[in-house]
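Just need the whole structure built from these sequences, with the hints factored in.
One line per chain: the protein sequences are G and R, in this order. The C-terminal residue of the first sequence carries number 118 in this note's numbering, and the numbering is unbroken. The C-terminal residue of the second sequence carries number 139 in this note's numbering, and the numbering is unbroken.
Read the hints as simulated data drawn from the structure, not as lab findings. Among the hints, erroneous ones may be present.
Unchecked claim - Heads up, simulated DSSO-like pairs for lysine-lysine below, C-alpha to C-alpha not over 30 Å straight-line:
# : chain 1 : residue 1 : chain 2 : residue 2
1 : R       : K106      : R       : K81
2 : R       : K106      : R       : K85
3 : R       : K89       : G       : K48
4 : R       : K85       : G       : K48
A quick note: this is a predicted structure, and the numbers were derived from the prediction, not measured.
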Amino acid sequence: NAGVMQNPRHLVRRRGQEARLRCSPMKGHSHVYWYRQLPEEGLKFMVYLQKENIIDESGMPKERFSAEFPKEGPSILRIQQVVRGDSAAYFCASSPGWNTGELFFGEGSRLTVL
Amino acid sequence: GNSVTQMEGPVTLSEEAFLTINCTYTATGYPSLFWYVQYPGEGLQLLLKATKADDKGSNKGFEATYRKETTSFHLEKGSVQVSDSAVYFCALEYGNKLVFGAGTILRVKS
Chain G
5 NAGVMQNPRH
15 LVRRRGQEAR
25 LRCSPMKGHS
35 HVYWYRQLPE
45 EGLKFMVYLQ
55 KENIIDESGM
65 PKERFSAEFP
75 KEGPSILRIQ
85 QVVRGDSAAY
95 FCASSPGWNT
105 GELFFGEGSR
115 LTVL
Chain R
30 GNSVTQMEGP
40 VTLSEEAFLT
50 INCTYTATGY
60 PSLFWYVQYP
70 GEGLQLLLKA
80 TKADDKGSNK
90 GFEATYRKET
100 TSFHLEKGSV
110 QVSDSAVYFC
120 ALEYGNKLVF
130 GAGTILRVKS
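What follows is the structure, given as structure tokens:
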């Protein structure tokens, strides 16, 4: 049973370009979370999605960031017009539902903005 | 607000030493509490959890007790191994999501 799959593992972008990070949850999981880990900091919640719905986006920056989890296909975190401060590791996690509090994390996508 | 504070690292220990990583929280009500571990190059994985006051979570020799009176959830292990070297995150449940502390790096030397 494959775990949470994230790609790309490493992404390099120049300032002003767009970054797209993909996350395929574990089989049977319909809840997806995105977290950001900045250097020397812990994980910061960004957004919580279920299929075709954004449940909680309280941690998403107001501009340039968006997320989706379509009926078919992976969840996508999109960052438009990237800036150097967007350089971070972005982790996706999934769960079958909010009943245990256990999240299953992917290995992360490391974004570097030049 | 709801937040988690962990002791700063890195914590460096010799093999078979006793480990304590402090974690305190601020929250409304009594949230479930968790410890997650991140090994080098990997994503986080659940280590243990406790859902109510005085509960003790345990796994792989690690333990943590939910202390309501001190709002703490300290992680302990009696004898660490080199393979325990990782980053440890304390977290609480809030609003159907997890709020994490900053993480504590543990380095165990042989």
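Now the hints, each set against the structure:
no., hint, in the structure
1, R:K106 with R:K81, "holds, 21 Å"
2, R:K106 with R:K85, "holds, 13 Å"
3, R:K89 with G:K48, "holds, 27 Å"
4, R:K85 with G:K48, "holds, 26 Å"
Violated hints for the displayed structure: none, as all numbered hints are satisfied.
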